[in-house]
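K.L.:
Spelled out from the first residue to the last, the chains are:
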Amino acid sequence: MNNPSFDYKAAWATITQAFPILQSPPSLPESDFETVPFEAVNTIKLLNLAEQIQGLVITRMEERLRKDIVPQFWSHFKKTDHDSATFREFHDAVKFLYYNYMKLDLIMNKLIVLREASNVAKPVYNHACLHEALKLIVKAVLLSQLPVDQQWLILSFYEKALKRQDCEEESYGNEQCCGCLQEQYVCQCVEMFQETNKKLGKMALLEPLVGQSLTDLIYNYIQAHIQKICKDSFDTSHLESLEKWLQSVIISWLKKIYYYDCANRSERFINEFDQKLISYLYNAYTKIRIDQLFNIIIEYPDSLPALEDLRLCLPKTDLKPHLTKTLQKAMETRLLHPGVSTSDVLTAYVATIRSLRILDPCGLLLETITQPIHRYLRSREDTIRCVVSSLTEEGPNDLAEELVRGEAVQVDENTPVDDGVEDWETWTPDPVDGVTSKTSGLPRTSDIISMLVNVYGSKELFVNEYRTLLADRLLSQYSCDTEKEIRYLELLKLRFGDSQLHYCEVMLKDIADSKRINQHIKQDLNYSEDDIPMSAMIVSAQFWPPFKDEKLELHKRLAKQMEKYTSAFETLKGSRTLCWKTHLGIVDLEIELADRSLSLSVSPVHATILMHFQDHKSWSLDALSKVMHVPSTILRRKLSFWQSHGVITEREPDVFHLQEEQENKENNLQDDIVVEDYESESAMASAQDQREEELQTFWSYILGMLMNLDTLPLERIHQMLKMFAFQGPTIECNIQELKVFLDRKVREHQLIYSNGLYRLPK
Amino acid sequence: MKLTIKNWTGVATWRWVANDDNCGICRMPFDGCCPDCKLPGDDCPLVWGQCSHCFHMHCIVKWLQSQPVNQQCPMCRQGWKFNNK
Ligand SMILES: [Zn+2]
Ligand SMILES: [Zn+2]
Ligand SMILES: [Zn+2]
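Read top to bottom, the protein sequences are chains H and F.
Counting along the first sequence from 1, when you hit position 421 you're at 421 in my numbering, and nothing is skipped either side.
Counting along the second sequence from 1, when you hit position 25 you're at 25 in my numbering, and nothing is skipped either side.
No lab work stands behind these hints: they were computed from the structure.
Among the hints, erroneous ones may be present.
Listed next, the in silico DSS-like pairs over lysine-lysine satisfying Cα-Cα at most 25 angstroms (straight line) [stated by the list, open to error]:
1. F:Lys6 with H:Lys560
2. H:Lys329 with H:Lys316
3. F:Lys2 with H:Lys573
4. H:Lys459 with F:Lys6
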């Protein structure tokens, strides 16, 4: 190379013409040679400078990228407020980058020719292929200048595209594009989307540049989608449709993007991602359902589809411990506190058992969840009463259904349990994810009534409570449906055994016998009734729960009638006589006053008071107390019943008067008209007042329900009231009446009604 | 005021008119029933002897069957005769 005549200047000119990027300033002309001119190759070969030139060119390319192209590319990513432009913005950024990339790639082509001609084989950045080396360089420079907040533009671009895909799935024939909000025929979203992905793919930038954003976007999108479709709806199964949605929207959209991935690993990559997404979908769905589980349980059986979904999800996820913890917490904060009535706790308890039976047939979860409920129910005084009364109550209810299911009550006697020895081959250990419990040696009965009895560990307590309630019911409604009670008793006997319930059988027989005896006595020619039609409930004292001992001296007229009845009985049943419980029974009265009339069913004490007021228009508390043998404090309370009906007033302390005419003139006027036309109507009017009071007692129940369940439709409120609140013999209300009542509460701003649901004002 | 009692349903317990509360044989209350019975009253009646002692009918019949020779009242040891009053 020591040829002094060699024109180095001319040679450099030839080289820089072939590689304009080597000029100063470096140039990246719009149109470049497709390949290296022969002359330049020769010159370089001659000077043996191929490697040096290659190095110089690549350095210049890097410099160009670093100083010019990449900063310009990233300048597109500055945050703007024009959300609508973001789609095009990213598209343009990629277009710009690609355009420059192609120009650089062309230079690489020339370098390759040069390398071949000069036998240079040394790899560049570990790549034998210079095209690959360029990709690496571009990626490296891009990432080295990565702005902090670049993700938003990418997210925005892909989110719009994904939305478009999603609504295409939902409804074809959409006039508007959901991405750019333009009319379909001018929208270029699809083309721009494809073009961008294609270019990113060619530059091998899909994964490095947008991969993470895509993952974030898709996860968020799935989460939002699930949240949207699962919100407050438990009556449809979503698993299948979710999986379908994932395939048809998310996965197929991803395939559209990665179709252009030049690395050619799209298939495997998508498959892997597919698995990840499915498991993410299951996880997200399961978590949402677990968060909703308390409400799902409360709405059992309407929520069965949601429960089924959850059952299928649990083995595919790792969320059982999370479920246990979440549900326990929900139970504590929403159920097991003094604001919830015992009967509501019981309903929730039954629903819990039924729901968990579906979720976890092995029963361990059930045991873990119900233990705190058991402890809690034990601490409440009215639990047995609530269980028994809902067992025997009118109409469909959960516990009564359970009773019909049969099965004798198994009381845990702490006996070691035969864990089903025949089944030893199929025995599996309890899953360790349930909370370990000391009682796991006991049989896991899932029979609800047995479980409830086990809360107390004694059938006797239950049966006694039932007997007391039955006695109350029989005595307060003589005409009650004994047939039904007998049917019920038969069911209870299947559960609790004959001996426990034998007393109740006798009680029911007493009522049936009494009806027969009454008929006999009425037909007895020696028996007469002057003006008081009499009947009696004749009970076998040994078999009934003890009666409250209250004294009451009946009015002479009645006492005489009772004597007649007693002797008729003695004649009918030789050697037997009657002991009257004067304070018990029911008296049907018709009261006609100067300006109104009432017809009522009252207790003997109330009737006796009025009989005395019929004799004397006024009584001092003391005198009446002496005549009736009722302590004055109790008597005062009884008198207040008639005061509230406006029949009796206390004009001066301790002196009571019969009130023939009501004081309030306005009311009088109306009542007069009614009384003249229909005597019984005015009784109805007063019955309506009573009604209002009764409905008011439901209000606290309704408040409780809405506090716990947020919103409820009319039917559900009625159903729940039926279950818990309608317990007295007369307290019932039909759905129409309830609606009128609730609507009044809405007018008084104590309730809010919207979309067919009632809720409390905030 | 005109007060009409349309119906008065009273509550009463029934009992046997006997000198004693319990049966001298089974020691159970008369108003209940003998150990073999489930239902009181008509289904498990009382009977009186001429000695004026009374028992569950089922109890005295069982007693008499167990005494093939001298049929005596278990209370006063007088010969047992039913008093069909
Ligand atoms: Zn006896
Ligand atoms: Zn008997
Ligand atoms: Zn005797």
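K.L.:
Compare the distance between the alpha carbons of lysine 2 of chain F and lysine 573 of chain H with 25 angstroms, and conclude whether the hinted pair is satisfied.
P.N.:
violated (37 angstroms)
K.L.:
Given the proposed pairing of lysine 6 of chain F with lysine 560 of chain H, does the C-alpha separation stay at or below 25 angstroms?
P.N.:
holds (17 angstroms)
K.L.:
For a C-alpha distance cap of 25 angstroms, please report whether lysine 459 of chain H and lysine 6 of chain F respect it.
P.N.:
violated (42 angstroms)
K.L.:
Starting from lysine 329 of chain H, check that the Cα of lysine 316 of chain H is at most 25 angstroms away, please.
P.N.:
holds (23 angstroms)
Hint compliance for this structure: hints 3 and 4 are not met, and every other hint is.
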